[in-house]
Amino acid sequence: MAPPLIVWVALFVYMNRIDSRIKQLEAEISKK
Amino acid sequence: MKWLALVALAGLTVLSFWVAPAKSFPEPDLARIIFFHLPSAFVTTLFVVFASICSWRYLITREWVWECRGLAATELSMAASVSTMVSGILFSKVQWGAWWHWDPRQTSFLIVMLILGAYFALRMAYEDEMMRARISASYSSLTLLPILFLLFVFPRLPQVEKNSLHPSTTIQSGGFSADYWSVILGIFVVLLGISIWVYRMHVAVSLLEQKVRNLDGNLETTGDGTPTHRVGRVVRLHE
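The listed protein sequences derive, respectively, from chains Y and W.
Going by the numbering used here, the first sequence opens with residue 1, and the numbers climb by one from there.
Going by the numbering used here, the second sequence opens with residue 1, and the numbers climb by one from there.
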């Protein structure tokens, strides 16, 4: 049961990284 | 929403270990990887078709958003195909005794992955964004038919099917119980939802990065953010 759960956790981390990247880009755009 | 999807996926994973094993496999209990293998294969197919549609739309309209959508869809289809292949290889080791058999279905899916990989290799060959977009969109739209042939037609040819270890009529012959099916479909729905979320975020990132580049003044663009060919800016010096 552990391997698929590890994959889902990695997926969650990846989804958070995309979210952070979007926020970072939006902040950069609002500064310009 | 993210939390909900991940909790649903974790819950379905736990459930996948509780349903009664499917008896049509040599090792019924160890065939549970099907719960992840089949949904990944379905997601791969959906995104491959969608990527081709986006590529056609880009070639017709030349709107930059379709290029971003095509790229994101191809990335997701590649990720799902890797998941399908890895789970398939594990299934092959457990059920058929070896990691790789050069089984027709395994081999045709490997070719599909190579076709998808070539899309990214092609994109890396062009520095100019417009050329890159045009060439990769042309490639993606042309490869749809070969990919569909490899996924759906080739493995079902009679002379191929009879020599293949990969089951192809398990679903039609009712080899899965209702419980089994409900877990497979549940995982598929949640996985598709997460894939669509990731796809939309990829498109958003591409469009925002394009906007940042536009604001930096590196590219001349049309109104929708589509980069035109690079032009020199005339700078008038005051005397």
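Simulated from the structure, these hints should not be mistaken for laboratory data.
It is possible that part of the hints are untrue.
[Claimed, not checked] Straight-line distance between alpha carbons at most 30 Å, and here's what the computed DSS-like set of lysine-lysine pairs gives:
| # | chain 1 | residue 1 | chain 2 | residue 2 |
| --- | --- | --- | --- | --- |
| 1 | W | K2 | W | K162 |
| 2 | W | K162 | Y | K31 |
| 3 | Y | K31 | W | K211 |
| 4 | W | K2 | Y | K23 |
| 5 | W | K93 | W | K2 |
| 6 | W | K211 | Y | K23 |
| 7 | W | K211 | Y | K32 |
[Unchecked claim] Coverage of chain Y stretches by chain W, computed from C-beta distances (three or more under 8 Å per stretch; other residues unrestricted):
| # | region |
| --- | --- |
| 8 | 2-8 |
| 9 | 15-23 |
All C-beta atoms in this analysis are idealised placements derived from N, C-alpha and C, irrespective of residue type, glycine included.
Going through the hints against the structure:
A C-alpha spacing of about 43 Å is found between K2 of chain W and K162 of chain W, which places the hinted pair above 30 Å, so the restraint is violated. Of the pairs offered as hints, the one joining K162 of chain W and K31 of chain Y is violated, with about 63 Å between alpha carbons and a cut-off of 30 Å exceeded. A C-alpha spacing of about 13 Å is found between K31 of chain Y and K211 of chain W, which places the hinted pair at or below 30 Å, so the restraint holds. With a CA separation close to 16 Å, the supplied pair K2 of chain W and K23 of chain Y stays within the 30 Å bound.
Restraint check for K93 of chain W and K2 of chain W: the C-alpha separation of about 33 Å exceeds 30 Å, so the hint is violated. As the CA atoms of K211 of chain W and K23 of chain Y are separated by approximately 14 Å, the hinted pair is consistent with the 30 Å bound. With a CA separation close to 11 Å, the supplied pair K211 of chain W and K32 of chain Y stays within the 30 Å bound. Taking a C-beta to C-beta cut-off of 8 Å, the region 2-8 of chain Y contributes 3 residues in contact with chain W, enough for the three needed, and the coverage statement holds.
Residue count for the region 15-23 of chain Y with a Cβ under 8 Å from a Cβ of chain W: 6. That meets the three needed, and the coverage hint holds.
The structure fails to meet hints 1, 2 and 5 from the earlier list, while all remaining hints are met.
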